[in-house]
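There are 4 protein chains.
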Amino acid sequence: MSYLLEEEKVFKDPVHKYIYVQDQTIWDLINTREFQRLRRIRQLGTCFLTFHGAEHSRFSHSLGVYEVTRKIISQFERNQYEDWPKEERLLCLCAALLHDVGHGPFSHSIEKTFGTHHEEWSCRIVLGDTEVNEVLRRVSPTFPQEVAGVIAKTYRREIVVSLVSSQLDADRMDYLLRDAYFTGVNYGTFDLERILRVMRPYQGHIVVKDSGMHAVEDYLMSRYQMYWQVYFHPVTRSAEVVLNKIFQRARHLYDDGFAFRSLLAPLPALFQRKLTCSEYYLLDEAFMQTTLMQWTLEDDPILSDLCSRFLQRRLFKYVTLEMLDASMLEQLREQLAALGIDPVYYLEVDFPSDQSYDIYRPGEHDEKLPILLLDSNEQLTEISRKSEIVRSISGIQMGKYHLYYPRDLLVKHLPELDPGLRRLFAL
Amino acid sequence: MSYLLEEEKVFKDPVHKYIYVQDQTIWDLINTREFQRLRRIRQLGTCFLTFHGAEHSRFSHSLGVYEVTRKIISQFERNQYEDWPKEERLLCLCAALLHDVGHGPFSHSIEKTFGTHHEEWSCRIVLGDTEVNEVLRRVSPTFPQEVAGVIAKTYRREIVVSLVSSQLDADRMDYLLRDAYFTGVNYGTFDLERILRVMRPYQGHIVVKDSGMHAVEDYLMSRYQMYWQVYFHPVTRSAEVVLNKIFQRARHLYDDGFAFRSLLAPLPALFQRKLTCSEYYLLDEAFMQTTLMQWTLEDDPILSDLCSRFLQRRLFKYVTLEMLDASMLEQLREQLAALGIDPVYYLEVDFPSDQSYDIYRPGEHDEKLPILLLDSNEQLTEISRKSEIVRSISGIQMGKYHLYYPRDLLVKHLPELDPGLRRLFAL
Amino acid sequence: MSYLLEEEKVFKDPVHKYIYVQDQTIWDLINTREFQRLRRIRQLGTCFLTFHGAEHSRFSHSLGVYEVTRKIISQFERNQYEDWPKEERLLCLCAALLHDVGHGPFSHSIEKTFGTHHEEWSCRIVLGDTEVNEVLRRVSPTFPQEVAGVIAKTYRREIVVSLVSSQLDADRMDYLLRDAYFTGVNYGTFDLERILRVMRPYQGHIVVKDSGMHAVEDYLMSRYQMYWQVYFHPVTRSAEVVLNKIFQRARHLYDDGFAFRSLLAPLPALFQRKLTCSEYYLLDEAFMQTTLMQWTLEDDPILSDLCSRFLQRRLFKYVTLEMLDASMLEQLREQLAALGIDPVYYLEVDFPSDQSYDIYRPGEHDEKLPILLLDSNEQLTEISRKSEIVRSISGIQMGKYHLYYPRDLLVKHLPELDPGLRRLFAL
Amino acid sequence: MSYLLEEEKVFKDPVHKYIYVQDQTIWDLINTREFQRLRRIRQLGTCFLTFHGAEHSRFSHSLGVYEVTRKIISQFERNQYEDWPKEERLLCLCAALLHDVGHGPFSHSIEKTFGTHHEEWSCRIVLGDTEVNEVLRRVSPTFPQEVAGVIAKTYRREIVVSLVSSQLDADRMDYLLRDAYFTGVNYGTFDLERILRVMRPYQGHIVVKDSGMHAVEDYLMSRYQMYWQVYFHPVTRSAEVVLNKIFQRARHLYDDGFAFRSLLAPLPALFQRKLTCSEYYLLDEAFMQTTLMQWTLEDDPILSDLCSRFLQRRLFKYVTLEMLDASMLEQLREQLAALGIDPVYYLEVDFPSDQSYDIYRPGEHDEKLPILLLDSNEQLTEISRKSEIVRSISGIQMGKYHLYYPRDLLVKHLPELDPGLRRLFAL
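Protein chains in written order, with the UniProt record's numbering: chain F, 1 to 427; chain E, 1 to 427; chain H, 1 to 427; chain P, 1 to 427.
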């Protein structure tokens with residue numbers, strides 16, 4: 001059973017001006033403890049160390065995705081498009097709001113080291129013994145299952161899935177605008193209202209009127225710019241590297257039986273990869289930062305040093321390499337080891353393209369639906385067939401190799417340093 | 001000794017577009033652990049529970065205050081105003097950057113319960129055994145003392161103090177613009193460049209050309225609007241009330257010898273009011289939120305309930321009262337107690353005006369310098385003598401009484417409730 | 001008969017992002033020659049000589065007023081407020097769109113000299129033999145009369161009139177935002193969406209929920225700032241003075257039988273005050289500027305000089321006077337005359353307050369409906385009774401006396417100038 | 001001789017916030033009649049008929065180009081780049097301010113029909129008997145010649161020319177931002193401050209640090225979007241077509257000895273292609289619009305009809321053609337002629353790429369200097385060699401064929417129309 005609120009509620013939002021809530025179910029979901037928890041998880045992980053404004057949370061992003069979805073649907077309804085399945089409205093809105101509810105702190109690093117996966121957790125929260133599940137069940141007993149289906153992209157109706165997850169979905173539209181707003185860069189701005197106006201439900205897909213091609217190009221270029229200028233920024237990547245090393249070291253110590261001074265619940269469960277839903281709830285970014293702070297006081301010099309680096313933003317520096325020479329790297333590791341610097345934790349090669357970021361590549365990302373243009377003859381064409389610009393960013397060559405290293409440590413060993421190494425790091 | 005960076009550094013900032021760093025000292029200060037700690041303290045305390053965008057930190061605000069100060073000084077220098085003491089440039093910039101370095105998490109609540117004071121802590125950090133102090137001493141042995149003097153408003157030159165702390169200072173100019181940007185409200189916007197252009201150093205004061213009176217009115221109205229629409233928002237105040245009650249309860253339990261399951265360092269030192277500088281460093285907002293989360297698991301039902309309320313945003317509701325009737329309040333307390341609801345922790349009257357927020361009131365706030373207009377005859381006049389608008393907000397009557405109470409608890413006791421109480425709370 | 005467009009049309013608009021047209025009647029009205037003529041009339045008259053961005057036309061403002069009205073009504077409809085007379089929708093929209101259709105070029109000056117009145121002309125265009133009238137008659141034979149009634153504020157339903165013309169109407173909301181955008185000042189910005197959300201139809205009035213009082217204060221302060229910083233700017237006023245003098249001189253010459261080299265139609269009709277609707281159509285700002293340009297070539301030195309001044313922005317300078325001394329003014333006139341400078345055309349005292357600009361003054365402007373606050377007890381209160389800020393700008397004292405004079409001419413007569421005059425003009 | 005103003009002057013500007021004038025020469029140039037005339041010429045010609053906000057003048061754009069140039073130079077000076085020839089400052093600023101001073105109304109159409117050329121006129125105004133020339137000569141006798149040299153791109157120092165005229169010049173940076181602001185589209189926004197920060201004078205060129213490549217890509221994409229979404233908009237092009245036809249018809253009539261009712265000076269001189277500088281001064285957009293208005297009253301039905309179309313925005317409609325079939329076109333012309341519709345004036349094929357708009361094409365536009373990236377090894381590389389995106393828009397295929405025709409006329413002849421023609425125009 002679902003019903004409308006007596007009076008529309010609003011949230012003041014810097015990106016969409018206001019976010020409008022009309023359904024009791026949406027209002028109740030926002031007020032669950034699991035959704036409120038998103039306030040304590042930053043949207044952009046380590047990016048605030050590069051762009052200090054990027055301190056916004058997944059809470060505001062999730063509201064934003066909901067709002068963009070609401071706008072798309074209300075446009076479909078206002079224009080009475082026949083191909084739009086009206087009965088799916090609430091399902092779309094709930095899935096939009098909840099698609100990120102499973103995100104943990106510093107997701108990329110944690111997921112890498114401990115094998116958690118935020119989409120899986122979103123589904124667990126939707127289906128498990130949670131306040132979110134309780135609210136959803138009030139709509140109908142099968143409703144949580146349907147919401148989880150949309151999040152997991154297994155729901156039978158593609159059109160519902162694609163609103164939340166495709167190459168032109170509410171998720172991306174919100175995060176590009178939001179991340180641009182909070183970082184203060186203006187690469188991410190595109191004309192949202194224009195995009196919404198050219199979207200159409202059509203035979204089970206969301207398509208775009210071909211007169212809107214340039215608007216979509218503009219949106220895709222915003223994504224391109226945001227990836228290369230913000231998300232892949234070397235300083236952000238450096239913080240990510242340090243964080244990875246921290247978790248790697250902590251896990252190694254734990255597996256080794258190291259006696260931590262402080263290992264607050266639910267860290268042991270995380271290390272043993274057997275978190276429950278209610279333990280996961282505790283694992284927010286405040287908790288993780290507090291843990292890093294506590295670990296600066298641990299006896300293991302590597303763990304303690306890495307945590308201080310992260311908290312005080314004494315990150316690794318980098319050099320750019322055109323190509324990667326395995327033997328050179330091996331040599332480098334040996335030299336570091338000889339200086340007493342463990343290369344496992346103090347050296348990393350990063351190559352942005354090996355990240356699973358999803359710059360538009362038709363065919364490659366099978367799970368991401370392509371953008372289809374609808375012309376006046378009702379023909380559908382995949383956009384990169386018509387736009388040279390989209391083609392130019394579809395097969396794009398990914399960045400360069402960045403070699404991250406602790407410059408401050410090397411500086412201390414200046415006299416002992418091998419000349420090749422000094423040249424490499426311009427010391 | 002102070003010197004310029006070889007190459008100017010910039011921070012991308014959403015409010016000022018870019019923040020420019022030209023001095024080695026400023027760069028070094030930003031990279032101290034004490035300054036980096038400000039990243040972990042929100043600028044607006046509990047306000048993010050009302051305006052979800054308000055998640056920005058004191059780190060970005062501090063950079064902003066520095067930048068506004070830099071712009072003012074560079075305007076003074078470009079125009080070669082004789083009354084500007086050029087030799088004070090670096091001192092102003094350092095004081096601007098560091099004036100909030102002593103802020104802790106949820107300052108208002110913590111200061112209220114534990115008697116700490118952020119300005120005092122700023123001075124302790126400037127003067128104590130800290131990285132900040134070390135950087136400042138490199139300029140000259142007495143430089144830390146001078147910076148502390150400006151922050152404490154005891155420095156001998158009023159003009160230096162007033163840049164950082166007056167009715168028209170860099171601090172306010174930045175926070176109004178910044179808080180408006182991040183909350184998304186546009187009441188706080190005023191024409192910063194215009195204000196900067198009409199500011200003049202004059203006989204030891206910072207004054208404003210009288211042709212800029214309307215611009216200053218606009219700035220003061222922005223302040224007025226931000227206070228009443230953002231800072232005093234009843235939901236924010238409710239979160240503040242809950243937080244106060246939490247600390248009050250925790251302190252009471254501690255004093256009572258309650259056996260906390262978790263009482264991480266430096267909480268005992270905080271409770272005993274004997275924090276050291278390095279303990280204070282640990283006390284960031286991540287730590288405090290983690291503590292609140294841990295306390296939800298404590299055995300004391302009041303502490304645990306209040307913490308859950310805060311973290312899940314199940315705050316107190318409020319009714320507005322035109323005036324306060326002490327006997328009615330007493331009765332109310334008794335009725336709550338009879339229902340098993342402790343009125344000490346579950347009832348609060350809030351009256352915004354008793355907060356020490358500093359709406360412009362000439363004469364009253366002796367520590368805040370008034371705004372002086374300079375006319376073409378070189379006469380100085382305090383602005384409220386010329387502007388009816390400024391007068392209208394100078395003696396302004398402060399808000400209404402808000403009575404905060406836990407509606408959800410009362411709803412559970414509906415049948416037992418006294419009719420007067422039901423009427424009062426519209427139950 | 002009225003009907004909806006098959007497909008919604010939009011105009012890209014810098015202020016409201018998009019302007020949405022859903023009715024055939026609105027679309028047809030926009031495409032009439034009389035409405036298109038508004039493209040050739042600047043919204044802010046001589047203001048572009050002070051703020052060079054202020055080159056926007058009455059065309060865009062009229063679309064904006066329409067759009068704000070559309071938004072208000074659509075909010076009323078969405079919330080299904082009972083006190084809103086749904087059947088008046090199209091009438092409101094048409095009146096909003098057309099309320100300025102009778103504006104001529106440089107309205108203030110022309111109206112002053114030739115006794116035309118733009119509101120009267122709006123009604124003549126709505127009722128006369130025009131394309132506008134033809135479109136309106138298609139709705140119903142009496143529809144033009146109703147639209148004219150709303151514009152003339154004689155329509156029987158106050159609520160309809162007040163949407164277009166009151167202290168809080170669509171007209172002002174658009175022009176404040178629009179003029180702020182195009183001049184580039186940000187005093188005029190207020191939160192339009194917020195204002196719209198607190199407006200209610202109530203017992204035949206448009207009222208404001210009292211929780212929106214601060215938002216209305218903010219809007220009224222924007223008006224105050226725009227008047228004093230933009231509309232009353234002394235340079236704009238100076239251009240206005242020169243323009244007045246031009247028309248005064250031309251009329252004097254015409255009445256005197258002066259042989260103009262160029263006197264394009266419909267100037268003679270204008271001078272004789274007997275313009276027809278189709279002559280009025282020709283009288284746009286392009287025409288008037290071309291006339292001024294032609295008049296620079298006339299034999300009358302005063303007319304020719306004044307026109308050159310306007311076109312080349314060699315305006316009169318001004319001195320500010322605290323009070324006005326009639327005998328001093330008389331003396332001044334005599335001295336100018338003695339120098340061969342005709343004081344009728346080369347001297348003017350301007351006192352902004354004697355303009356009929358409508359800063360909020362309850363009681364005084366009988367034709368402008370006051371702003372009423374609706375509280376939770378369904379009581380209505382006029383806003384200045386609750387807001388000290390509104391009171392402070394209600395009875396505000398108007399500017400100072402500005403004495404405009406041709407400084408460049410006086411400079412040429414420097415040796416002959418009386419010392420008092422030199423002192424007055426700081427020569 | 002050149003000197004600084006005693007006090008810096010500012011213009012409020014919506015795009016750059018403020019425009020700063022520090023030199024007496026710049027101030028004097030702005031106040032010349034020739035520069036003030038630019039207030040009466042719209043920056044975007046017929047574009048306001050599509051985007052109603054696009055009513056801004058060449059006056060504001062010229063100030064903007066000046067301001068961008070000033071900012072670039074002041075950055076060069078602040079960083080004390082050795083490759084910057086400091087003595088060229090004033091020359092750059094004057095050329096930037098004056099480069100468009102020769103623009104006439106609706107430049108593209110007028111130039112096409114009457115063979116005038118705005119750059120040539122800019123030089124004539126700089127060198128002729130004008131107030132501009134007088135101001136420039138005060139700097140030095142050869143200064144006007146130097147300014148004209150920069151405008152004509154013949155000045156000996158490439159670095160000076162390229163600031164005002166290259167693929168990355170102050171002209172484009174201002175017009176993209178300004179046109180985006182006034183139309184209200186946000187495709188044209190890019191990060192000006194960022195671009196300025198990566199520009200360097202280097203061995204006689206202006207180059208870009210290669211770390212700024214993505215910022216330049218963003219700027220070039222803005223240009224691409226503005227061209228396709230704004231400048232080449234079919235409605236704007238249609239107005240351009242109608243205007244071309246008007247001038248073509250008028251010239252034909254004039255050459256034929258037609259007796260115009262109204263042919264104000266300097267139209268005859270324009271028709272005879274022998275305008276003097278002082279006649280050119282009269283030829284502003286107000287004059288041209290008044291002429292069009294007068295011509296609606298002429299006896300020639302074609303001229304009168306076309307002028308009404310333009311003024312009332314009853315433009316030609318268009319159909320899009322994939323390719324152009326000459327024989328089909330010939331047939332079409334014959335059919336129109338048979339209906340009494342002169343195909344010379346009522347049919348036009350437009351193919352955007354044949355316009356001399358300057359989408360970035362290295363090699364092709366010899367007069368437009370390419371953008372060079374400077375890497376850390378001091379190597380210069382033309383940007384399209386490094387950026388796939390830039391390559392994708394360098395060789396871009398230009399639009400489609402648009403066939404413009406008067407739909408309203410054809411509708412009147414519906415029964416007589418050939419079926420092929422009805423199909424083509426979907427009648």
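Think of the hints as simulated: they come from the structure by calculation, not from any bench. Heads up, some of the hints might be wrong.
When chains are identical, the list treats them as one kind, so a pair holds in a single copy or across two.
Below, computed lysine-lysine pairings styled on DSS-like, alpha-carbon distance capped at 27 Å [what the hints assert, rightly or not]:
1) LYS86 with LYS9
2) LYS17 with LYS153
3) LYS112 with LYS317
4) LYS17 with LYS317
5) LYS112 with LYS400
6) LYS317 with LYS386
7) LYS400 with LYS9
8) LYS71 with LYS17
9) LYS71 with LYS9
10) LYS317 with LYS153
11) LYS274 with LYS386
12) LYS9 with LYS317
13) LYS71 with LYS400
14) LYS274 with LYS209
15) LYS274 with LYS112
16) LYS86 with LYS71
17) LYS386 with LYS112
18) LYS412 with LYS9
19) LYS412 with LYS86
20) LYS400 with LYS317
21) LYS209 with LYS153
22) LYS71 with LYS317
23) LYS400 with LYS274
No experiment lies behind these values; they were computed from the predicted model shown.
Within, between, both or neither, where LYS400 and LYS274 count as close if Cα-Cα is 27 Å or less: neither (37 Å within a copy, 51 Å between copies)
Within a copy, between copies, both or neither: where do LYS317 and LYS386 come within 27 Å Cα-Cα? Between copies, since 25 Å is at most 27 Å while 42 Å is not.
When Cα atoms must be at most 27 Å apart, do LYS274 and LYS209 count as within-copy, between-copy, both, or neither? neither (48 Å within a copy, 50 Å between copies)
If the cutoff is 27 Å on CA atoms, where do LYS17 and LYS317 land: within, between, both or neither? Let me know, please. between (39 Å within a copy, 25 Å between copies)
One pair to classify: LYS112 and LYS317, alpha carbons no more than 27 Å apart. Within, between, both, or neither? within (22 Å within a copy, 43 Å between copies)
Regarding LYS400 and LYS9, is the shortest C-alpha distance of 27 Å or less found within a copy, between copies, in both, or in neither? between (48 Å within a copy, 24 Å between copies)
At most 27 Å between alpha carbons: which applies to LYS274 and LYS112, within, between, both or neither? Within one copy only: 16 Å inside, 41 Å across.
Identical-chain pair category, LYS71 with LYS400, by Cα at 27 Å: neither (39 Å within a copy, 33 Å between copies)
Measure nothing new, just compare the shortest in-copy and cross-copy C-alpha distances for LYS412 and LYS86 to 27 Å and report within, between, both or neither. neither (67 Å within a copy, 38 Å between copies)
How would you classify LYS71 and LYS17 at a CA-CA limit of 27 Å: within, between, both, or neither? both (13 Å within a copy, 15 Å between copies)
Check LYS112 against LYS400 for me: Cα-Cα at most 27 Å, and say if that holds within a copy, between copies, both or neither. Only inside one copy: LYS112 and LYS400 sit 22 Å apart there, 49 Å across copies, limit 27 Å.
Same-copy or cross-copy closeness of LYS317 to LYS153 [CA-CA at most 27 Å]: Neither: 39 Å inside a copy, 40 Å across copies.
Checked against the numbered hints given earlier, the structure breaks hints 2, 10, 11, 13, 14, 17, 19, 22, 23 and satisfies all the rest.
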